[in-house]
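Got chain A; can you put chain B on it based on the hints?
Protein chains in written order, with my numbering: chain A, 5 to 257; chain B, 39 to 218.
Wrong hints could be hidden among the right ones.
Said to hold, decoys possible - Partial selection, computed: residues in chain A whose CB lies under 7 Å from chain B: (1) A41; (2) P83; (3) Q86; (4) N114; (5) Q129; (6) S131; (7) I132; (8) R135; (9) F251.
Claimed, not checked - Dumping the calculated SDA-like pairs for lysine to any residue here, alpha-carbon to alpha-carbon at most 20 Å: (10) K122(A) - K79(A); (11) K158(B) - S61(A); (12) K143(B) - Q133(A).
Just so you know, these hints were derived from the structure itself, not from any lab. For every residue, glycine included, the Cβ atom is placed at its ideal position computed from N, Cα and C.
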Amino acid sequence: MDTRFNTLFIGKVLLEYDRLDSTNSQAERLLKERKLADGTAILAYDQFSGRGQMGNSWFSESYTNLTTSIILYPKIDFPKQQFYLNQAIALGVRDCIAYWLEDVWVKWPNDIYVGGKKIAGILIQNSIQRRQIGHSIVGVGINVNQGEFPEGIGQPTSVYLENGKNVLDIKVVLACLCSCIEKWYMKLKQGKYDEIESVYHQFLYMKGIPRKYQLASGDVFQGEIERVLPDGRLEMSTHNGLQTFMFKEISMI
Amino acid sequence: MEFKDIQELVKLINKSNLSEFIMQDGDFKLTVRTKNYIKGKMKAMEPQVVPVPQPQVVPVSHVPAPVPVQPQAAAPVPQAPKTSAKDAPVKSEETDDTANYLEVKSPIVGTFYRSPSPDKPVYAKVGDTVSKGDVVCIVEAMKLFNEIESEVSGKIVKVMTEDASPVEYDQVLFLVDPKG
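Isolated chain A (complex conformation) (with noise of 0.2 Å):
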C-alpha cells in the first residue's frame, strides 16, 4: 500500500498541517469561513489539544499517530438514520486497523479495540440546521506508531505495538483510512442501512458474552449485550430481561 489516496472524493482534498490544537477545531474554523469539498481530510502530525468525549482529551504523542478529521455532507435522515452515521464511520476505522492487525472490534459506541485495547477514537460533530445534517466532521484518531503510554489513561495500545514494533508512515495508514471510510460511505449514501448494521454487529465487541456491567448509579450487574438499536441505544440481557442504555449510562468494568 501506497500514499496515494485510492478513492473517488475522501482525501482527495488533504490540508497538512504540522501542528494544530485540534484538527476537529481547525475544520471547524475553515467551515465558518468557506465551504469545504466533500471528503476534504485535515491531517495534524502533532496535536497538542485533541478532543475526545464531551470534556476529555484525546492525547496524542507528536508525530507518532494519525489524527485527522474528515469532512463530509451526509443526506441522511436526521435523526432517524443518524447512528448509521456512527456505524459507518466505525466499521471504516475498524477495517482500515484490520488491514495490520487482527482481533479487531467495535466498541459500542464507536471506539475501536484490539483484543482488549483502545487503539482509536472517532468523534463526530454534525451541524444541525433546519433538522438536517448540515455537515460532519469525522474526526478519527488511530494510535499508529506510540511505543509506550503513560499510565492511568485506560489501556490503550497501538498498531506498532500489536503489529511487531513494525513503524508505519503516517499517510500510508490515512490513505488506508480514507478507502476504508468511503467504502463504508458509499453503502451509507446507498441506503445499504442492513448490511452496515449487520457487519456492525459482526464486529461489536464483547456481543453475547455475558460479563460485569456498571451503572452510572455504581451498581454493578452480570449482563450481556444483544444488540445495538437502530437509534443507537444498546440493549442487554439482564436478570431482569432485556434493558436498554444510552451511552454513558453503562460502562465495561
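Then chain B, alone, in the frame of chain A:
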C-alpha cells in the same frame, strides 16, 4: 396539564383571534393574553372563566372569536382589531407577552450541552442576540455531537434546560424574543 399541552394550547391561541384566554381546571388556572389584548379595554370586561376538563378538546382552533358561554358576555366582545394592535403595539405589555417568543427545540433525544466543552464559554446565554444559523447548543446522542443551529433570530430570553441534562425530542431549549 402537561407542559406540552400548554405549548399546544398557546400555539392554537396564537393562531386564533383571541385576545385573552383563561381556563380553570380544579386548582389549575391558566391565563394567556395575545398581542390583541389591550389592557384598558379588556379590564372593563369580566374575564371569562371557562371550565375545561380536557385540554385537547378545547375548540380554540375552530372559533374565529371567543364564544360567549355566559349571558353577560352576549354583548359583542370588545376585541381590538388586529391591524390596530399591529400598528400600535402596547410596549408595556411586551414583558409578560411570552406567547410571542420563539422556541429553539431539540431535534433529537440526547444530552443538552451549552458549551463545546466544560472549559469553554457557553454558545448562548440570556441577553445574547442570536441570528438564524448560529450554533446555540450541542445535543449529544450516542457520542454524536449535534451542534444545533438556531432557526430563528432574536434575543435569548430564557434557557429552558440545565446544562448536561437529558432532553426529549421537541423539548424547548431556548426562548427567543424576535423583537430583541
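> Which hints, by number, does the structure contradict?
Replying inline: Violated hints (numbers, rising): 1 and 10; every other hint is consistent with the structure.
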